[in-house]
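One letter stands for each residue in the lines below.
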Amino acid sequence: MQIYLNGEEMQILDTMDMADLIEQLNLKGQRIAVEVNEELVPRSTFSGHTLREQDHVEIIHAVGGG
Amino acid sequence: MQIYLNGEEMQILDTMDMADLIEQLNLKGQRIAVEVNEELVPRSTFSGHTLREQDHVEIIHAVGGG
Amino acid sequence: MQIYLNGEEMQILDTMDMADLIEQLNLKGQRIAVEVNEELVPRSTFSGHTLREQDHVEIIHAVGGG
Amino acid sequence: MQIYLNGEEMQILDTMDMADLIEQLNLKGQRIAVEVNEELVPRSTFSGHTLREQDHVEIIHAVGGG
Amino acid sequence: MPNNTQTDCFSIAGREFTSRLLVGTGKYKDMEETRAAIDESGAEIVTIAVRRSNIGQNSNEPNILNVLPPQEYTYLPNTAGCYDAKTAIRTCRLARELLDGHNLVKLEVLGDEKTLFPDVIQTLEAAEVLIKEGFDVMVYTNDDPIMAKRLEELGCVAVMPLAAPIGSGLGIRNRLNIRTIVENAKVPVLVDAGVGTASDAAVAMELGCDGVLMNTAIAAAQDPVLMASAMKKAIQAGREAYLAGRMPAKRFASASSPLDGLFF
Amino acid sequence: MPNNTQTDCFSIAGREFTSRLLVGTGKYKDMEETRAAIDESGAEIVTIAVRRSNIGQNSNEPNILNVLPPQEYTYLPNTAGCYDAKTAIRTCRLARELLDGHNLVKLEVLGDEKTLFPDVIQTLEAAEVLIKEGFDVMVYTNDDPIMAKRLEELGCVAVMPLAAPIGSGLGIRNRLNIRTIVENAKVPVLVDAGVGTASDAAVAMELGCDGVLMNTAIAAAQDPVLMASAMKKAIQAGREAYLAGRMPAKRFASASSPLDGLFF
Amino acid sequence: MPNNTQTDCFSIAGREFTSRLLVGTGKYKDMEETRAAIDESGAEIVTIAVRRSNIGQNSNEPNILNVLPPQEYTYLPNTAGCYDAKTAIRTCRLARELLDGHNLVKLEVLGDEKTLFPDVIQTLEAAEVLIKEGFDVMVYTNDDPIMAKRLEELGCVAVMPLAAPIGSGLGIRNRLNIRTIVENAKVPVLVDAGVGTASDAAVAMELGCDGVLMNTAIAAAQDPVLMASAMKKAIQAGREAYLAGRMPAKRFASASSPLDGLFF
Amino acid sequence: MPNNTQTDCFSIAGREFTSRLLVGTGKYKDMEETRAAIDESGAEIVTIAVRRSNIGQNSNEPNILNVLPPQEYTYLPNTAGCYDAKTAIRTCRLARELLDGHNLVKLEVLGDEKTLFPDVIQTLEAAEVLIKEGFDVMVYTNDDPIMAKRLEELGCVAVMPLAAPIGSGLGIRNRLNIRTIVENAKVPVLVDAGVGTASDAAVAMELGCDGVLMNTAIAAAQDPVLMASAMKKAIQAGREAYLAGRMPAKRFASASSPLDGLFF
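Protein sequences, first through last, are from chains A, B, C, D, E, F, G and H. Per the working numbering, the first sequence starts with residue 1, numbered consecutively. Per the working numbering, the second sequence starts with residue 67, numbered consecutively. Per the working numbering, the third sequence starts with residue 133, numbered consecutively. Per the working numbering, the fourth sequence starts with residue 199, numbered consecutively. Per the working numbering, the fifth sequence starts with residue 265, numbered consecutively. Per the working numbering, the sixth sequence starts with residue 529, numbered consecutively. Per the working numbering, the seventh sequence starts with residue 793, numbered consecutively. Per the working numbering, the eighth sequence starts with residue 1057, numbered consecutively.
Hints listed in this document are in silico derivations from the structure and should not be mistaken for laboratory results. Treat the hints with care, since some could be wrong.
[Stated by the list, open to error] Some chain C residues well away from chain F (every beta-carbon gap over 10 Å; in silico):
{"#": "1", "residue": "Met133"}
{"#": "2", "residue": "Gln134"}
{"#": "3", "residue": "Ile135"}
{"#": "4", "residue": "Asp146"}
{"#": "5", "residue": "Thr147"}
{"#": "6", "residue": "Met148"}
{"#": "7", "residue": "Gly161"}
{"#": "8", "residue": "Glu167"}
{"#": "9", "residue": "Glu170"}
{"#": "10", "residue": "Pro174"}
{"#": "11", "residue": "Leu183"}
{"#": "12", "residue": "Arg184"}
{"#": "13", "residue": "Glu190"}
{"#": "14", "residue": "His193"}
[Unchecked claim] Simulated restraints on C-beta separations:
{"#": "15", "chain 1": "F", "residue 1": "Glu641", "chain 2": "G", "residue 2": "Asn858", "range": "55 to 65 Å"}
{"#": "16", "chain 1": "C", "residue 1": "Asp149", "chain 2": "F", "residue 2": "Asn594", "range": "40 to 50 Å"}
{"#": "17", "chain 1": "B", "residue 1": "Thr81", "chain 2": "E", "residue 2": "Lys350", "range": "24 to 34 Å"}
{"#": "18", "chain 1": "B", "residue 1": "Thr81", "chain 2": "F", "residue 2": "Lys778", "range": "49 to 59 Å"}
{"#": "19", "chain 1": "F", "residue 1": "Asn594", "chain 2": "E", "residue 2": "Glu417", "range": "54 to 64 Å"}
{"#": "20", "chain 1": "D", "residue 1": "Glu237", "chain 2": "G", "residue 2": "Leu1051", "range": "49 to 59 Å"}
{"#": "21", "chain 1": "E", "residue 1": "Glu325", "chain 2": "G", "residue 2": "Glu975", "range": "37 to 47 Å"}
{"#": "22", "chain 1": "H", "residue 1": "Lys1242", "chain 2": "F", "residue 2": "Lys778", "range": "42 to 52 Å"}
{"#": "23", "chain 1": "E", "residue 1": "Glu325", "chain 2": "F", "residue 2": "Glu560", "range": "56 to 66 Å"}
{"#": "24", "chain 1": "F", "residue 1": "Gly683", "chain 2": "C", "residue 2": "Asp149", "range": "29 to 39 Å"}
{"#": "25", "chain 1": "F", "residue 1": "Gly773", "chain 2": "D", "residue 2": "Glu237", "range": "24 to 34 Å"}
{"#": "26", "chain 1": "C", "residue 1": "Leu159", "chain 2": "F", "residue 2": "Pro598", "range": "32 to 42 Å"}
[To be verified] To list a few chain F residues with every Cβ distance to chain G over 12 Å, as calculated:
{"#": "27", "residue": "Thr535"}
{"#": "28", "residue": "Asp567"}
{"#": "29", "residue": "Glu568"}
{"#": "30", "residue": "Pro590"}
{"#": "31", "residue": "Asp628"}
{"#": "32", "residue": "Gly699"}
{"#": "33", "residue": "Phe780"}
{"#": "34", "residue": "Ala783"}
Bear in mind the structure is a predicted one, so any value in this text is a computation, not a measurement. Cβ atoms here follow ideal geometry from the backbone N, Cα and C, with glycine treated the same way.
Build the full structure now, drawing on both the sequences and the hints.
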């Protein structure tokens, strides 16, 4: 199915949950935080958080800023 | 009955309407505006506007200010 | 003989006095003032003020300034 | 004879020289400098510098200042 | 001002004005001084306050509305003393009734007594209601360009940032903010409050303001009438300087007399 | 200005003047603009420079003395461009001869080309000689109160401290010094040089100066004639504000509308 | 600082800090310079931003959190770039999740891109929600004392008025407002944004601020590491001067050397 | 200051110094406070005055020279209180004799008691004589760039323009003049007099001055020792900021956090 990852279209398997996505993106264990459709998805709930068609997924990290 | 006129207690006849009050106060024809219980009372409606026990009547005029 | 007029070399007749020079320069009657060798030469003394070889003559006028 | 010491009249022996005066004032060895009649008197010349009637002697030292 | 005088008027809520000096009518010694100073100022718009009429004590002192008759002046009733939207709205309604439907008001909702700075939240709330009720709102605000823009977008007919605290006479504390407000605005911007002397008023106009509203600077001068004249001229001077386009400032000198033709 | 206009003139070397704005005549586009701007300024005293007459090149352009005739204006020939006492003295002598004995001069002896600040040592030297020779010396100086006093004691008829470098338009850099000079002086004090816009001129007058001399601020404005009008009004405004006695500045606010009679 | 150093720390949301200089981590040439400058600054609190992780492009450049490890620094994630309450709230939630529940945030909700001034209405709205959700909110605001008080009353742990527009380096435009905010506040007041050089930071502290937050003034200096050192010292100097109690300013002079004992 | 500390010393008359803060020794409560404050300031050069020794009254109070021994401090005897060249010269000769030939002096010849501004004419005269007699003259002057240059050309080893009247604490009244003096100078330029608090000292250094000489700002603070520490840091901060090269000031904002990677 299709989702949007950080604003870009992306095709993923219908069976994937957030944990799978993070894994596939090689972001496991990295300092990130995730939003789906403007709602925060706590890390603790990644596995089990099923993704839906057209979900807007945002994966963010820290950068230098003032 | 008792009303409050510009913050002061005042005894008036139960039959009085606003027109009567203004008359009694010798304010007729003067540049004033009137509020009862924080609601504006247009000059056009003075006669007929009956006063009630405990009404808070404010009669204001223009003064110098900046 | 040679003099310097407003910084420029100039050849004049040996017999010339300041009045002659002013005349020759068509400056007669104009609002000017004259210096020779850094000394003021009053208008009243033009005729009779003989010029000498190498005299530095400055003829000045008024201009806009602040 | 009379001299002026730091603005005050003072009687001293006619035979006194500057070294004697400094001694008498218990200023020997102290950090001071001396003027007589507005002229500096080097320490090296105290003995031998004879004082004269009406001399104005100034003995100065260092103080806090900015 | 040379030829273009006639053309240099400005309009508030459809009314045209030629004087860019707006004055308050408070703090004067008496009505006579009030009238003399305001005449001298050349002001066309004068602020007034509404207060309880002192009933009974049949004071013979003339009312401000007689001293400054409506044929000669445009009244700008204010909401001075209001610390919340509700009282400000009540005040405006009373003022409109008092003035037979005159709907031009100066809205000020104050935040505290020490600074008399506006409470911008309450100000926005009151402005919204008053505009809905058909008032033409000239609004007193702080010198925040963002807030000034919001008030304009809400429909205020003029935005009036403070120069400094009301009655402080400190002059324009933040010229950059005033200039930015002016550059952003599509409605007239008037500096309201804080002007202390003539040069302050000239500065406000040189920043591009459409006008200045003041009271204490005139009323609290040792000679209010003479200061009124000074302010009138300062406003014109600042306006003309703004229109004339000032010379660029340079760090170093540049001679005013020609360098050529020197004879030494 | 109300009634006391007629009384508010000032005198330099026994001559009475009503306009406190003195203007230079340099840097204008042409003689027409020069005349128009100076008319608009209302100036009575105008500075001029003396330079080599351009012999031969029979320029038809009118001379400044014809454009600004002596019946209408008091000339103030300057010594612009002089970097030592000697050339300044020569310049003044030539100017006096040129103007049939007119002995009012503006003495400026410059220190360097970057700042055009005065060389006060050479200025003192020149002033002494010129005063001995009967000149009425209006002297350009820095804003040092001590030097201003020396020049007054020497016999200068007016002391003219700079506000900022000539032609910089930076306005009054050091208000305290100007105020101190004014307080100490028994002769007229005029700010000379550095004014950039109308409010600068008003500030100078509010500090108590007797007048302001400027050139570039008017000539280098985008619209010199309009700026001349602005400066005229700013000088009057600042003067009147000074005479009127400004309100004291306070850190905090003070309401302009009465606190009693509030109905809420 | 002499003896009372140890005692002069300040606390935000129950955390104690000794450095009153807070720094941003943006705009540096690279991570190395970032680290060097921030080390030199002595800052204990550093702001960070949250942005989309650049997925795929497996950039080896170290992450800011590794360069400035949490054992050494207290993070202050900001909401830079947010123009409404909603996005600011989302940003704070993500930051808290990212930092394992760290709930100290810098809230800024911007009004426009030209000034980057805050939208105080949206700021109040966001602050209310965030405080309810348990965040410790250090809030960026304008220099309006009324608004500063509202934000404090709402429960913000620190109020951070701007000195001038973010990244402008214009210094403190309105000292009176900052001083008034400090005098009214019961929570720490930090100047945030607008500082350009060391003396600006010292002035902020002399006004009584508890600290200063800056980024561009250090990062955009020609030598950021040296400027970081300058800022560290300036903050300390200003703080000590505030505590030491400055001499009163007088208009005129007062000799530093004794007048008695003069021998001439 | 990072690595380049060691290299950042400056020299006066061939002597090298690392502290750019010079302090006076007057106006302190007692010698103990004098010593404590001057220690804290880190100053290497201290001014002293010479006065009549109080003969007879065998005061046990220690002499300033014992409190601040010559092994630890470089003395800078001043001519405070002198209003003409002659007394200033006498004072310097006495000081040199007093200090066994030490020929570094601070020359100040005052113009009046109200401003304590220098009499530059008398100052030039005295400087010329003193330099001929082999003194190293650090000279107090006004902020006129022309005069500063003359004094340098005469051979003064340092030029010390005032920031404001001695003991006024008004800070730097005319930054442009100080900057111009610095840019023109080939000898050290130190701001002398007028500094009131730490930020004033930082500003002086940011303008490029080589140092600052002060007395009242420290001695008249409520806590002189703490203020001495503040001044020490402010001087270093201002110096480092000058060397670091400050960011350019811009009128509008520029974000400190990246604009790309925004997720909303």
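**Request:** Evaluate the condition: distance from the CB of Pro174 of chain C to the nearest CB of chain F exceeds 10 Å.
**Result:** It is violated; Pro174 of chain C is separated from chain F by about 6 Å at its closest Cβ, not greater than 10 Å.
**Asked** Against chain G, does Gly699 of chain F keep a CB gap of more than 12 Å to every residue?
**Response** Fine: 18 Å to the nearest Cβ keeps Gly699 of chain F off the interface.
**Item:** Status of the stated non-contact between Thr535 of chain F and chain G (beta carbon gap over 12 Å)
**Value:** The claim stands: Thr535 of chain F keeps its Cβ more than 12 Å from every Cβ of chain G (closest is about 30 Å).
**Prompt:** Since Leu183 of chain C was said not to touch the interface, does its Cβ keep a gap of more than 10 Å from each Cβ of chain F?
**Reply:** Leu183 of chain C is indeed farther than 10 Å from all Cβ atoms of chain F, at 15 Å.
**Asked** Can we confirm that no CB of chain F comes within 10 Å of the CB of Gly161 of chain C?
**Response** Given that every Cβ of chain F is farther than 10 Å from that of Gly161 of chain C, nearest at about 12 Å, it holds.
**Asked** Does the claim that Met133 of chain C lies off the interface hold, with its Cβ farther than 10 Å from every Cβ of chain F?
**Response** Non-interface label on Met133 of chain C holds, nearest chain F Cβ at 18 Å vs cutoff 10 Å.
**Asked** Can we trust that Met148 of chain C is non-interface, i.e. its beta-carbon lies farther than 10 Å from all of chain F?
**Response** holds (15 Å)
**Item:** Interface-negative label, Gln134 of chain C against chain F, beta-carbon threshold 10 Å
**Value:** holds (16 Å)
**Message:** Taking the Cβ atom of Glu641 of chain F and the Cβ atom of Asn858 of chain G, is their distance within the range 55 to 65 Å?
**Reply:** holds (57 Å)
**Prompt:** Is the gap between the beta carbons of Asp149 of chain C and Asn594 of chain F within 40 to 50 Å?
**Reply:** Violated - the Cβ-Cβ distance for Asp149 of chain C and Asn594 of chain F, about 28 Å, lies outside 40 to 50 Å.
**Prompt:** Should the label of Ile135 of chain C as a non-interface residue stand, given a Cβ cut-off of 10 Å to chain F?
**Reply:** Per Cβ check, Ile135 of chain C is outside 10 Å of chain F; nearest 13 Å; holds.
**Request:** Return holds or violated for the Cβ distance of Thr81 of chain B and Lys778 of chain F against the range 49 to 59 Å.
**Result:** holds (53 Å)
Going through the hint list in order, the structure does not satisfy hints 8, 9, 10, 13, 14, 16, 20, 25, 26, 33.
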